[in-house]
Amino acid sequence: MRRAIFEKIFYLVLLFLILILMVMMPPYVSPYTIILLSSIFMYIVLTVSWALFSAPTHYLSLASAAFFGLGIYVSAILGDQLPLLVVIGLGGLISFLLALLVGLSSLRLKGMYFTIFTFGLSELIRHSVQWWEVNETGTVGRWVIAVDNTTVYYIMLAILLITLVVTYIIKHSKYGLALLSIGESEEAADHIGINVNAMKIITFAISTFFMGATGAIMATRWSYIDPSIAFNPLFSFMPVLMAIFGGMGQIFGQALGAAVLTLLADLLLTKLPYYYMLLYGVILIIVILFLPKGLVGLKEEVKLWLRGMKQRYENT
Amino acid sequence: MRILEGEGIRKNFEGLTALANVDFHITRGEILGLIGPNGAGKTTLFNLISGSLVPTSGTIKFKGENITGLKPHRICRKGIARTFQLVKLFGNMTVLENILLGGLFGPSTASPRSHTKKACLELLEFVGLSEMKENLAKDLTIINQKRLEVARALATKPELLLLDEFMAGLNPTEVALAIELIKKIRNLGVTIIMIEHVMKVIMDISDRIMVLHHGEKIAEGIPEEITANKMVIDVYLGT
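Going down the list, the protein sequences come from chains V and A. So that you can map any letter, position 63 of the first sequence is 63 in the numbering used here, and since no number is skipped, the others follow by simple counting. Count along the second sequence from 1, then add 1000; that gives the number in the numbering used here.
Please note: incorrect hints may appear among the correct ones.
In silico lysine-lysine, DSS-like type, Cα no more than 30 Å apart, as pairs [stated by the list, open to error]:
#1 K1133(A) <-> K171(V)
#2 K171(V) <-> K1157(A)
#3 K1088(A) <-> K293(V)
#4 K1078(A) <-> K174(V)
#5 K1088(A) <-> K174(V)
#6 K174(V) <-> K8(V)
#7 K174(V) <-> K1071(A)
#8 K8(V) <-> K1133(A)
#9 K110(V) <-> K1088(A)
#10 K171(V) <-> K1138(A)
#11 K1088(A) <-> K1061(A)
#12 K174(V) <-> K1118(A)
#13 K303(V) <-> K1133(A)
#14 K171(V) <-> K1117(A)
#15 K110(V) <-> K1078(A)
#16 K1117(A) <-> K8(V)
#17 K1183(A) <-> K1138(A)
#18 K171(V) <-> K1071(A)
#19 K1133(A) <-> K299(V)
#20 K1133(A) <-> K293(V)
#21 K171(V) <-> K1088(A)
#22 K174(V) <-> K1133(A)
#23 K1157(A) <-> K174(V)
#24 K1118(A) <-> K171(V)
#25 K303(V) <-> K1138(A)
#26 K1071(A) <-> K110(V)
#27 K293(V) <-> K1138(A)
#28 K1118(A) <-> K8(V)
#29 K174(V) <-> K1117(A)
#30 K1138(A) <-> K174(V)
#31 K1138(A) <-> K110(V)
#32 K1184(A) <-> K1157(A)
#33 K1078(A) <-> K171(V)
#34 K299(V) <-> K1138(A)
Since the hints were made in silico from the structure, they are not lab data.
Pulled out of the complex, with its shape left as it was, chain A reads as follows (with noise of 0.2 Å):
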């Protein structure tokens, strides 16, 4: 079944074309991979998709309903989470706070506080945050702010989480543990957009990639077409 669903998505800006008649499709449960050159359109595509900007034109539905145009906050609580390029926490409340919020404002529907706090506190335990929980966000290390930030997504209990450049910055050690708590979402039956430039992380974990270029896609399929595509590799290494 598909989730999310974008038809003829075009984004101008003054004259720029970000991304010009995309299609693209994720099906539920699925983890795809979005990759393309600097400038290609992909941060774009998921300020779309999760309301920042409103395409030029085109229609995103979302489970079979159209979202397009809908604020951040309306799309947050029909189910589509998100984290930044650059880390946006709310770097002087407490870790638990931070997630907090996800989970009193982000579902569809309100549950008691006691709940949703018991489910804060077993999320932060979820991305190994829990003996943090009273220090300051702005204290954590880079890791553990995203960390953080995932599970504050999470918190808002998403359908789909769309995860913009969650590995960079880490170390190699850092990025294994990433790998770790992304396959662990997926288990949750979160379905998963990431945008990533390490190669061999994205062909690992990936179900389907979908590659943009100048704001158009160049190819989508499973990570060995991909690979094997010449357009791809005409994109990445030049001819």
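Only chain V is shown next, with the shape it has when bound in the complex (with noise of 0.2 Å):
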């Protein structure tokens, strides 16, 4: 009991002075690793936020990208004529607002059915969003406002701050213990006094307003969208990815993963530019092969191995 509370302060310090090292850097370090670290942050979050609903009920969404890119076009429609806080928050709402509507209307589907939908509703943005902007506005893309680099930073490192609160509060409550026996048997959470659906819903929803408001600030770095940069899949498949790569039980895992794969997707791509694809299916194929807990299972594999050899060692 005593050494749980230790742990918990030890990991609460590490956690603010990494934060004050975050927050403190931005001057001393070149722009490239600014870049690389919103990005980085920006990935989290997707992940983060995808696994809040997804991972404990098992309702594999891919809809990300819908929703991520809704922030985009938000921040590309709005983002000259509002304050930049403004436009991140409205992303986040807008996104809330549909999920909300989506969810009425999906979250009965059940399993791949579930899935299908999600990935359907995404495309079916994007191409709306695309009809819409050759028939009625004339063009294909936009243009949006730049912001400088250090100030999407900053903002990133926020929004960041704010999803992982928020996540660990939702997932340490008594909401957090529903989500997961939704995951488990939704008829018998239903009968114990779970508002299944409601619970479904708003989870979803909650975990919509940061992926927009996300696409809202992280639109300021491309300076100019189309809906195949704004909802492209792969902002759906990436969080899926990265969650599972790194454990998807606990937010360090999925945050572990994120970080990991955005770094070693930085790596590849400016070290090995023509092996890039290749060699980064190699190595999730290895890690979803060789450790179903993902990275932070690895602790444990050690554990075990260590144990295991020490016996052998023992018994010679």
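Hints are included, so try docking the two chains, each in its own frame, into the full complex.
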């Protein structure tokens, strides 16, 4: 008991120190590092918020790109008219509201059907926006107002922090427990007084708020966007991969997976551009085959392996 | 006082009549046994009471209030809990978490978390699972899974408990233990409706018995009346 509290305090202090480091860092490092770190923050937010809903409930959503892209478009349309922070808030809010609507109509679908629906939804939104732009606006893409790298970095850091805190609070409240129970047996959850549908829809909507807000700020980095950039299905697939890669069950695992894979992609892309996709694929396959619990499972695996070695040593 | 009352309950499944015009009632504090051959409509009746299904026609009243067609989580909060014919636990969660969920979401009024936890630990003691509270639910034996499911239902603070084939899959020793448990639950003041196939059990334990056959109520009364009822004997033994 005492040790658990001590550990908790240790981690809190450690996190706080990392946060201070992150806040103090920008003036001392290269712009390249700032941009890379912003990307990492972005993927962590996408992964952790995706997992907030999908990991415990086992409802695999492939609609992250829809909400991320919506944020991007909010930024492209309103970016030069409203203050940046308002635009970001709106990006989140509009995603939230759309997710409520989507949730009401789709969360009765189960398993594979839900997954396919969310993927279809994402594509539907992309094509609708494309149709609208071509027929009504008379253009394909849009310019986004530029924001300097350091501002993007700080805003991304703030969104990351809020996402982590909100996710942590939900996960450790009674609602976190209820979400897990929904993943185990929806019928039983319903019969012990859990409002299963409301719980699913609201959690789904909260998770998309962060995706939309992230889209709104990250859009400023691209300067030019069109529907195929904003609603790129990769933004739906990456969070799933990253969560599995790091370890789906824990926030730390999800964040670790996102950070490591983003770094890895960057490293491979800059150092080995010709073999980038090949190596990326091989590494993913190896981790998924040998570490079913993701990177966070590595600790246990090593422990087990060491124990095995020790026993073998003692037996001889 | 009648705690639960059903009037003219009918349930059709696309042309198939699962229940036809069934009237029933349960008095507070009694144990009502629900028997009948396979496909008689017993579990359907449970599903209608607990809200998994909505009746085609008819009304169900709980403590005088019409609860027909309410969602299961609303009905649970009104004070009706149930278990399932095939145990439905949260397998990858611990025993304590399973029961805690019942305590956190089921009662009509929320109490502080520390109270809920204490009450849940007491319930675990009550059903005899204290030592396994950190085990995963899926690792328990059948009887312990059934105990846990009952404890989870009790954690929602029900006034009425629906037990669907609680004895199924238990050996004779375990059946005896299960009967003790049901009696203990009744002594807590919980009214019970139980579906059961083990005749000896149902005759011993029930205050009153209702017999369903092909979706119709064919008999109702105290155990002695039921065992003497010609129609019931015909249904069970054939003529």
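Right, here's what the structure says about each hint:
Pair hint K1133(A) plus K171(V) holds up; C-alpha atoms about 21 Å apart against a cutoff of 30 Å. Restraint check for K171(V) and K1157(A): satisfied, since their Cα atoms lie roughly 25 Å apart, inside the 30 Å limit. Restraint check for K1088(A) and K293(V): satisfied, since their Cα atoms lie roughly 26 Å apart, inside the 30 Å limit. Annotation: proposed proximity of K1078(A) to K174(V) holds, straight-line Cα distance about 20 Å (limit 30 Å).
Between the alpha carbons of K1088(A) and K174(V) the distance comes to roughly 20 Å, so the proposed pair stays at or under 30 Å and holds. Distance restraint check for K174(V) and K8(V): the Cα-Cα separation of roughly 20 Å lies within the 30 Å cut-off, and the hinted pair is therefore satisfied. Only pairs whose Cα atoms come within 30 Å are accepted, and K174(V) paired with K1071(A) is accepted, the gap being roughly 21 Å. Taken as a hint, the K8(V) and K1133(A) pair is honoured in the structure, with Cα atoms around 23 Å apart against an allowance of 30 Å.
A threshold of 30 Å between alpha carbons decides the hint, and for K110(V) with K1088(A) the separation of about 18 Å falls inside it, so the pair holds. A threshold of 30 Å between alpha carbons decides the hint, and for K171(V) with K1138(A) the separation of about 22 Å falls inside it, so the pair holds. For the given pair, K1088(A) sits about 26 Å from K1061(A) by alpha-carbon distance, which is consistent with the 30 Å threshold. Between K174(V) and K1118(A) the CA atoms are separated by roughly 15 Å; this keeps the pair inside 30 Å, and the hint holds.
A hinted pair counts as satisfied when its Cα atoms are at most 30 Å apart, and K303(V) with K1133(A) qualifies at roughly 26 Å. Between K171(V) and K1117(A), the direct Cα distance comes to roughly 18 Å. Compliance with the 30 Å bound is thereby established for this hinted pair. Taken as a hint, the K110(V) and K1078(A) pair is honoured in the structure, with Cα atoms around 28 Å apart against an allowance of 30 Å. The straight-line distance between the Cα atoms of K1117(A) and K8(V) is roughly 22 Å, inside the 30 Å bound, and the hint therefore holds.
Between K1183(A) and K1138(A) the CA atoms are separated by roughly 26 Å; this keeps the pair inside 30 Å, and the hint holds. Taken as a hint, the K171(V) and K1071(A) pair is honoured in the structure, with Cα atoms around 26 Å apart against an allowance of 30 Å. Taken as a hint, the K1133(A) and K299(V) pair is honoured in the structure, with Cα atoms around 26 Å apart against an allowance of 30 Å. Between K1133(A) and K293(V) the alpha-carbon distance is near 24 Å, which keeps this suggested pair within the 30 Å criterion.
Between the alpha carbons of K171(V) and K1088(A) the distance comes to roughly 23 Å, so the proposed pair stays at or under 30 Å and holds. Straight-line distance between C-alpha atoms of K174(V) and K1133(A) comes to about 18 Å, which keeps the hinted pair within the 30 Å bound. Of the supplied pair hints, the one linking K1157(A) and K174(V) holds, its CA atoms being roughly 18 Å apart against a limit of 30 Å. For the given pair, K1118(A) sits about 22 Å from K171(V) by alpha-carbon distance, which is consistent with the 30 Å threshold.
For the suggested pair K303(V) and K1138(A), the alpha carbons sit about 25 Å apart, so the restraint of at most 30 Å is met. Restraint check for K1071(A) and K110(V): the C-alpha separation of about 19 Å stays at or below 30 Å, so the hint holds. The hinted pair formed by K293(V) and K1138(A) meets the criterion: a straight-line CA distance of about 19 Å does not exceed 30 Å. Taking the CA atoms of K1118(A) and K8(V), the gap is near 24 Å; set against the 30 Å cutoff, the hint holds.
A threshold of 30 Å between alpha carbons decides the hint, and for K174(V) with K1117(A) the separation of about 12 Å falls inside it, so the pair holds. With a C-alpha separation of about 21 Å, the suggested pairing of K1138(A) with K174(V) holds against the 30 Å cut-off. Among the hinted pairs, K1138(A) with K110(V) is consistent with the structure: their alpha-carbon atoms are about 22 Å apart, no more than 30 Å. Between K1184(A) and K1157(A) the alpha-carbon distance is near 15 Å, which keeps this suggested pair within the 30 Å criterion.
Restraint check: the Cα-Cα separation between K1078(A) and K171(V) comes to about 27 Å, which is no more than 30 Å; the hinted pair holds. Between K299(V) and K1138(A), the direct Cα distance comes to roughly 25 Å. Compliance with the 30 Å bound is thereby established for this hinted pair.
When each numbered hint is compared with the structure, no violation occurs for any of them.
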